[in-house]
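K.L.:
What follows is each chain in one-letter form.
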Amino acid sequence: MAEQFEITDEMRAVIGQESPPWTHEVTTTSVRAFARGVGYTDVVYFDEDEAKKAGYRSLPAPPTYLGTPIFIPGQSNDTFSGPNHGGPRVKHGLPGLLDGGTETEYRGQICAGDRLTVVSKLAALDVRESKSLGKMLITTTETSYTNQDGEVVALQRSQAIFY
Amino acid sequence: MSITWDSVSEGDEIGSLTKKPGVSQLVKYAAGSGDFNPLHHDYAFPQSKALGSIIVHGRFKYASLGEAVSNWLGHAGRIRKLSCQYRGMDFPDREMSVGGRVKRKYEEHGAKLVELELWTTNDEGKNTTPGTAIVELNA
Numbered sequence: 026m027a028e029q030f031e032i033t034d035e036m037r038a039v040i041g042q043e044s045p046p047w048t049h050e051v052t053t054t055s056v057r058a059f060a061r062g063v064g065y066t067d068v069v070y071f072d073e074d075e076a077k078k079a080g081y082r083s084l085p086a087p088p089t090y091l092g093t094p095i096f097i098p099g100q101s102n103d104t105f106s107g108p109n110h111g112g113p114r115v116k117h118g119l120p121g122l123l124d125g126g127t128e129t130e131y132r133g134q135i136c137a138g139d140r141l142t143v144v145s146k147l148a149a150l151d152v153r154e155s156k157s158l159g160k161m162l163i164t165t166t167e168t169s170y171t172n173q174d175g176e177v178v179a180l181q182r183s184q185a186i187f188y
Numbered sequence: 026m027s028i029t030w031d032s033v034s035e036g037d038e039i040g041s042l043t044k045k046p047g048v049s050q051l052v053k054y055a056a057g058s059g060d061f062n063p064l065h066h067d068y069a070f071p072q073s074k075a076l077g078s079i080i081v082h083g084r085f086k087y088a089s090l091g092e093a094v095s096n097w098l099g100h101a102g103r104i105r106k107l108s109c110q111y112r113g114m115d116f117p118d119r120e121m122s123v124g125g126r127v128k129r130k131y132e133e134h135g136a137k138l139v140e141l142e143l144w145t146t147n148d149e150g151k152n153t154t155p156g157t158a159i160v161e162l163n164a
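Protein sequences, first through last, are from chains A and B.
Our numbering puts the first residue of the first sequence at 26, with every later residue one more than the last.
Our numbering puts the first residue of the second sequence at 26, with every later residue one more than the last.
Next up, chain B with everything else stripped away, as it sits in the complex (with noise of 0.2 Å):
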């Protein structure tokens, strides 16, 4: 069932996505992004070894808010915003939940927009990337 602008309400929860990347999968995104800073798959590469770890790439972190709203939309709209700040680095192979909710429910010149607050938590339960969308409803 596709979102629509009568089935949303302020308040609502967009459903949530649990991940725990390894070092196969930041790999990946590597080679998907383009974005090879040894710092997320490399441990001797200095600056991992002075954190202790490689960490999490935050644009990997930014897409997942995405992939959660857009998984949540189901293509019944479009984004017209996305954005988050880096608070905290994640470690690989360690849960985090990434999810929403909808903040606020409004018509601009004749769009349905939804605006959603979005984040990451890590598994101490700290919000990691917090973030906010601006979508666009078809109907």
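Bound conformation, chain A alone (with noise of 0.2 Å):
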């Protein structure tokens, strides 16, 4: 538990800078997996006729689901699956990770045959402190999601609970 933590010059220089795009896949495949993991049971979400009889061109991405980011080892993540060199990085050795909000902004439909090119910012860092965990620094962080026709069809906002 941290017992100080303050924000330096350093990790507010991080604010506002974007991250290299990367791209975010959308496959049948992936719809299926993400639904499973979730545990639905509509099939619209499984099976492509369903999907295309309720009105979609393909398997619709559940709600919350914004494609997969293409792996490639060395490059990404091992752990969270992103960009390794993607994301705005706020050097503050707090060891402890937890997700405090989304907000998720659909502007269009995404749907299984999408890429999408994911691009993210720091838009704000704040301290605050809670008696279990000690000072806790909140990152948020905004990501747009472009489809293949150039259309932004979500934008994104996370907060992180470092403490």
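I should point out that these hints are in silico values taken from the structure, not numbers from a laboratory.
Some clues are possibly wrong.
Covered by chain A, per the in silico footprint, the following chain B stretches (three or more residues, Cβ under 8 Å) [claimed, not checked]:
#1 46-60
#2 126-137
Heads up, simulated EDC-like pairs for lysine to aspartate or glutamate below, C-alpha to C-alpha not over 16 Å straight-line [said to hold, decoys possible]:
#3 B:K130 / B:E140
#4 B:K106 / A:D174
#5 B:K106 / A:E128
#6 B:K130 / B:E35
Every value quoted in this text rests on a predicted model; they were computed, and no experiment measured them.
Each residue gets a CB set at the ideal place from its N, CA and C atoms; glycine is no exception.
Work from the hints to combine the two standalone chains into their complex.
P.N.:
And the structure:
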């Protein structure tokens, strides 16, 4: 547990920096894998004929699924599957990590067959204190998802808690 | 039967889901989402040991809120916005309930919108994942 923690100028300098783009794929297999992981029983997320009957081009991405980052050993993070070079990186030295909150704004439909170009940037840094976890660093990251036609289909804001 | 604007009233509850995710379900979620944080499957991981257990992915609960909305909507519209906060940890093999309620029904630039208040409650009745959705109905 951190007794003391302060946001330094070096950390603040990362705010606003954009990551290099990375590709997320949405495939029939990846949609099914996500839907299975959540526990869906709605066949529209599994059966292409049913998806088309429901009005989709192909299997629709279930809510909160924004594609799977392409994985390349040496370039991808083995734990979280995103790119190692991507994502704003704040050097804080806090070992614990928890998710704080997530907001997704959908502007277009995402279906199997889509390739999304993903760019993220650090939007804010805050310090809070909790009784059980001590001083915590809260990072807010904004991520945009642009499909193969150049349409921004989703924007996500997520908070991570480091302690 | 599909959800329509006329069939929705403020205060209506959306159908709830009951889940009891065990390690196997969390491993499937890890594979489907790409989040292999050992905190969600490995009891020997230092952070799991410190907490006394592995914990359910916050994003699993977020996706489950989305599932409850999707089931209610029945593809008769689309989600415009979905958000939640992770207010408490959930542990595997414990029952959780995923639900929601119509908070507001309104029109904006001709679009028929519904705001939902969402939650997951643990087996002690605590809301560990308060959330909100804005849904646009087709008709």
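K.L.:
Taking the hints in turn, state whether each one holds.
P.N.:
Each hint, compared with the structure:
no.	hint	result
1	46-60	holds (count 10)
2	126-137	violated (count 0)
3	B:K130 / B:E140	6 Å, holds
4	B:K106 / A:D174	22 Å, violated
5	B:K106 / A:E128	7 Å, holds
6	B:K130 / B:E35	6 Å, holds
Hint compliance for this structure: hints 2, 4 are not met, and every other hint is.
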